[in-house]
Amino acid sequence: MTTILTTPETKARRSRPLGLDIWTTVSLALLLLFGLFLLYPMFGVLKESVVDPDGGLTLSHFVRFLANDYYVGTVRNSFVVSIAVTVVSLAIGVPFSYFYTYYRLRGAKLLFVGAVLSCMSAPFIGAYAWILLLGRNGVATQLLESVLPFKIGSIYGFGGIVLVLSLKLFPLVSVYMNAAFRSIDGSLLEAASLMGSTGLRRVWQVMIRLTVPTLLAASLLVFMRAFADFGTPMLIGEGYRTFTVEIYNQYLGEVGQNHNFAAAIGIIGVIVTAAVFLFQKFAANRFSFSLKAGSPVQKRRPRGIGGALIYAYMYVLIALAMLPQLYIVYLSFRNNNQVVFLPGYSLDNYRMAMGRLLGRSVYNTIMFAVVALAIIVLVSVLLAYLVVRRANPVNNFVDTVSMLPYIMPGAVIGIGLVIAFNSPPLALTGTAVVMIVMLVIRRMPYTIRSATATLMHLPMSIEEAARSLGASKLKAFWRITVPMMGAGVASGAVLSFVAIVTEMSAGIILYNNRTITLTMSAYVAITRGSYGLACAFSAILTVLTAVLLAIYLRFTREEDVRM
Amino acid sequence: MSVAITVKDVVKRYGETTVIPGLTTHIGRGEFFTLLGPSGCGKTTLLRMLAGFNTVESGDIFFNDVRINDVEPSKRRIGMVFQNYAIFPHLSVRKNVEFGLRNMDVPRKEVRSRAEEYIELVQIERWADQMPDRLSGGQQQRVALARALVTSPEVLLMDEPLSNLDAKLRVEMREVVREIQKRVGITTVYVTHDQEEAMAVSDRIAVMKDGVIQQLGTPRELYHRPANLFVGGFIGRTNVLDGQLHVENGQTLVTVAGATLVVPGLPGAADAVGPVKVAVRPEEFVLDSSATTGIPAVVDHGVFLGINTHYFLTLRDGTAVEVIQESEFDEVLEPGAEVFLDVKRHKINVFDRDGATNLRTGSTAAQQQVPA
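Protein chains in written order, with this note's numbering: chain X, 1 to 563; chain Y, 1 to 372.
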């Protein structure tokens, strides 16, 4: 401001209509967009949860929820199963990362690709495949029961959810912990060993303690994913009801729909995730310290019996994690008559899929993902710039708002969008637009974070240099800043693309025949009991995911993989 | 209890490349011993072999009479200070210092009091209960030193401990390091590439190049009587002049850039008649503007630095030399001025034609002896 006061002529030259410079305009536009597509729908959910059928204000939905053990139980179930998934994922993911980082393993790249693939697969494919393997009529069940003298336990319920989600989510822990272990300075470990801290004691005293912040971050991520997951408990949970399934039943169920009640459950779910989020932040603050970069630790070759055990652990784990997808692809070529797989192989399932909107599903999936991703990248880059380079209350507010979807289960976002855009003036429900809006909202926080982090590491002086050489603000941004952010944002964007392609929990509420995607088609086939068809859709989805990830991993250094 | 260290024919290889081709030396009890050399000379490699972090391909390392080649680092009773300090960022300063003691089954009470003793020794009491990331580089260095010494190790190893500090702090900390080492009386092996730092702290210095000790001696010996041209150039600054050595009437004469000088005290002269390298440090030149004999030179420019004035001159054969003179009031040697230079004959060094042997001492790298 002072410059303007002392040199009025520059003011005259710089001023725009209404005195807005281009970045102010951008930040107001973003505020408007987030207000319309995020805050307004969320407000809608909140409103829906506190109105009675006559339009009056009431807390009766919450009272009904809290008074009924069954409903409270669904949130408790979700919470307990998510904690269990988090603990198991840490228990199998941390050793995986430890061996991966500190040993020179044969096929390390393969292990890593396998981990990423299984993590990025569509949410319900794991559950579906495990049912086909270990369910009541599962292949493995029949095989094992003919050999073993006792009955093997049921895959359905709590155990099944934990199995499926842990195998799917432990790679998240691994990707985070790989980076954390890698960043531990070799001389810290040497210093520890000179002071008598060796072996397992050193792992505990130094390595785990140094990675506590990362462990906490990874735990939060796993918890959130497990808590918000819909497909897995829906398919394999059976009697073990989670709140996401309950929301779905209340909102779209065949009997006894109650939209207000569904909204109330959603609000309660958000309260739980927000509490967990805040608790994690608090814990992370207590353990925070800064690690200086140093020389990385030299990898060792695993030797002897210990080495064999390490190899066994790594490969068995990845094999188990990959098993569902491989099995689904295999089954998609098997003959079947709807519910029973028959001997022999053919392309019948795919032929049948062609008749069931396969073309439209694939087109929608790709088209939605491309458009959503373009919007996400554009908004993320702009918002990152505003937050990092032009921090002010408005921009910080938009940044905070943009992070809200991080703690919001997909179902809640889905309901919010339906409520908000069900009627004119913005009757978007059932259109491709609302699907794209949903995908953008769901995936935006991740890309914004990676864009912000990337920009923070770019020195301001580079832009200033461009400006001093006569580039306008906008030109400096497009020609200098954006290309420099490019690599960081692009690597995050590919993973976002995959996540969008496999999106499920909000889409299930919003889709219709015209906006159906591959995940929806597969899900519909599963619920209708058309196993072969479901496998065909799932296989196509799996292959699409795998191809995208293969391209991604081909061009990304492993250190840059963020999920 | 500190120990003497004996290194015998030690070889280090990384794959095909040999980093240390066979090194032998002896480090005395309580000695402050420095490995000095340019990067890649093998000094850190040798230090890490002493610590046990690098394997020894062949040869032996003894602490007193005990061969420690295959002893675990944690069992060698070593304290080490790392280049980046390696302070545990998740532990407070005090917990860092106590870390080693806690792993040694020392009674809890004693852990506290011994840590306190060393915290006081390195004067970090004020920060004892803070997290280390709040500390400056110098303070972190003190923590690292206390942590390395608190377990009463037999050997203290320091790997370029001051290289991350700014120039002023580096000077201050090297005094601290030296003083504490003397007070504790521990055998210390110190690695640095900074020759001034090495001279300031060391009892003896081993100058290394390509995995070979070029010269081992006290800082004074290295400076005044470098064993070869490499050491002469690495320790302090040196002008190297091409000369011709001949012996006449029992006198040793060296002809340099148009002047012939009598240089006494060259026992190896008779075998080295012919081309030689003459090493003259900047302060070993005598620049008297009124002199009419000596090595003719033309002043290029002068730089006034307070105590001293540095002159840059060109000799007749085109060699550029640097001369340091104590500053005088009326000193003005304009660029282009023609002067005659003399040298302090008893101080300068004369090397054979490839700079491998100092004709004053007759010593070469190969002949370096292991002192008892």
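To be clear, the hints were calculated from the coordinates, so they are not data collected in a lab.
It is possible that part of the hints are untrue.
[Unchecked claim] Reference excerpt, derived from the structure (chain Y facing chain X, CB under 8 Å, subset only):
1) 78
2) 100
3) 131
4) 136
5) 249
6) 284
[Said to hold, decoys possible] Away from chain X, derived, C-beta distances all over 10 Å, residues of chain Y:
7) 65
8) 73
9) 74
10) 83
11) 133
12) 151
13) 152
14) 170
15) 203
16) 290
17) 300
18) 309
Note that CB positions come from ideal geometry on N, CA and C, so glycine has one too.
Now the hints, each set against the structure:
1. 78: holds (6 Å)
2. 100: Holds, about 3 Å.
3. 131: This interface hint holds because 6 Å falls under the 8 Å limit.
4. 136: violated (14 Å)
5. 249: violated (62 Å)
6. 284: violated (42 Å)
7. 65: holds (22 Å)
8. 73: violated (5 Å)
9. 74: Since the minimum Cβ distance to chain X is about 5 Å, residue 74 of chain Y lies within 10 Å and the statement is violated.
10. 83: violated (7 Å)
11. 133: violated (5 Å)
12. 151: violated (7 Å)
13. 152: holds (12 Å)
14. 170: holds (19 Å)
15. 203: Given that every Cβ of chain X is farther than 10 Å from that of residue 203 of chain Y, nearest at about 23 Å, it holds.
16. 290: Holds, since 54 Å exceeds 10 Å.
17. 300: With a cut-off of 10 Å, residue 300 of chain Y remains clear of chain X, as the shortest Cβ separation is near 37 Å.
18. 309: holds (39 Å)
The earlier numbered hints that this structure contradicts are 4, 5, 6, 8, 9, 10, 11, 12.
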